[in-house]
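J.: Okay, here's what each chain looks like letter by letter:
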Amino acid sequence: MSGERLSEDQAAPGSPADGTAEPGPSPAGGSGRGGRTGGTRSGRRTLTEGQRSERRLALLLCAPAALVMIAVTGWPIIYSVWLSLQRYDLRFPADQEFVGLANYVEVLTSSYWWTSFGVTLLITVVSVAIELVLGMALALIMHRTIVGRGLVRTSALVPYGIVTVVAAFSWRYAWTPDTGYLANLFAPGSAPLTDQASALAIITLAEVWKTTPFMALLLMAGLALVPDDLLKAASMDGAGPWQRFIKVMVPVMKPAILVALLFRTLDAFRIFDNIYVLTSGAQDTSSVSILANTNLIQALNLGIGSTMSVLIFLSVALIAFVFVKLFGTAAPGSDTEGRR
Amino acid sequence: MAAFGGTDTRARKLRWSLLNTLVVVYALVPVLWIMSLSFKTPATLNDGNFIPREWTLENYRSILSTTEFLRALLNSIGIALIATAIAVVLGTMAAYAIARLQFPGKRLLVGVSLLIAMFPQISLVSPLFEIERTLGLFDTWPGLILPYITFSLPLAIYTLSAFFREIPWELEKAAKMDGATPGQAFLKVIAPLAAPGVFTTAILVFIFCWNDFLFALTLTSTERSRTVPVALSFFTGDSQFQDPTGSISAAAVVITVPIIVAVLFFQRRIVAGLTSGAVKG
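First to last, the protein sequences are chains A and B. Note that UniProt numbering has the first sequence beginning at 1, numbered continuously upward. Note that UniProt numbering has the second sequence beginning at 1, numbered continuously upward.
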């Protein structure tokens, strides 16, 4: 339901892409010629001069962006698959050799990989769940507050804008014994960052702090879709605040919620900066990104590192696929008509 | 009755004020903490007090006198500005076509940029590391600018095409009637109208580039192109007996201030850009 509809929604309002759209000029205008001839285009393949120049312009305008994106991601990901099939250690470059799937066997039977994978999944699930609840609360506050809306929105944007590494250092010092106010307050006499469970909790906290505002902003866009009349009507029918939230707001916001969840899940899965600064992956707190980086940059083992890169890429693709298929997450852009 | 209503709104206002205070505290405490650390003297650095007992500017003086930090700051500013400029220009062109023109392959372009927005960046590190070493781009400004452009283009395209759909396009039609080509209509009529959206996008893209750590860590190896977040994580202090906490905190504050100022001034635009780009675009 998402991919198919994307181009129609992206289309200019005045130019129906197929016969089912409302004919006639739309009030928004649109490129006049495209709109009038759009319906007959599929019947007759001839293009008017205007359409042809429109296409030429469009391709010219899109080409640079498309070329850069493909050159920097498309070709390297193929190259990465090729590297993952090699024995290629930069410390022993002479030993480079095609080894088939041997790297995959090595990674997939390694306990390091599965520990990191489990840690990554745990952080992803827990942090996204907390963010959804906190983000919804923050979105409601930002949307409905009657005093100091500007102040609230501005401060909520601070975690979004701040450099992740900076925030991570702030958390690290806060939880360092003696130096930090939080360590002294909650765990006097111990070092929370040197124990797996408490370190993971702090990593999750740092992640939640930094990204809740982003989640809240996405949810706020969904909140704006909830008609006030509907809420008033529900309230007149005797629905309490909680019922109004569950029965009226959440159903209307569902597409926004799913998009926010999808974005944040994929983003949380690639967690790197926070862990790098907080624990460097010590005490079994590595995420898959940290592990891949360790193999690539510190051990200079391009074969194994690339194998992990490919596996991470496949995991992300799988998560996205599951979201789209299972929950019917609409891709961003496909819910535009709900808005107008 | 009126009096009753009055106390009711006062109670509501109080409740909202409490909630708002909670949000402000949540958002600002970690920032204030790192600021506090940056003003502490070496003797009081480890006292765990939230507010410094003795204030000093020594940490700032020391990082601003090292080339290590100044060079990284220059790299960060230069790389982020250039990447932002290029990404916004390319994104504006593509978003205009997506929002306004009919052409084959539009769906593909939107799909590809969506894919890239969700791409795990670590997957690009090994091939880019190898390719950039071969091409001589490793540890150079262009070597970082290229991936930054790539990963900010989806953000730029979504945000901009959402803004572009709000523009009154009758003006473009009028310009065309007056004999302007589509290209002229774009440059002379639409571009000025689109400026606020473009500006918002530029802020978002700049924040993205400014924030990056993974590429800067893996695609650089010397001061030549290392950006501040990475330089920060490598700070060791002047001697092995000196704790780098103060320097790191001061450097952290220096790179945080511009972002906070931008957020203060452009809060409304940033909120509009993020919400329209992510859900509507």
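Hints listed in this document are in silico derivations from the structure and should not be mistaken for laboratory results. Hints should not be assumed to be uniformly reliable.
Calculated cross-link-like contacts (lysine-lysine; reagent style BS3-like; alpha-carbon spacing at most 27 Å) [unchecked claim]:
1. B:LYS13 with A:LYS232
2. A:LYS254 with A:LYS232
3. A:LYS325 with B:LYS106
J.: Run every hint past the structure and note whether it holds.
T.: So, going through the hints one by one against the coordinates:
1. Proximity of LYS13 of chain B to LYS232 of chain A is assessed by CA-CA distance (about 20 Å); at most 27 Å being required, the pair is judged to hold.
2. Of the supplied pair hints, the one linking LYS254 of chain A and LYS232 of chain A holds, its CA atoms being roughly 20 Å apart against a limit of 27 Å.
3. For the given pair, LYS325 of chain A sits about 23 Å from LYS106 of chain B by alpha-carbon distance, which is consistent with the 27 Å threshold.
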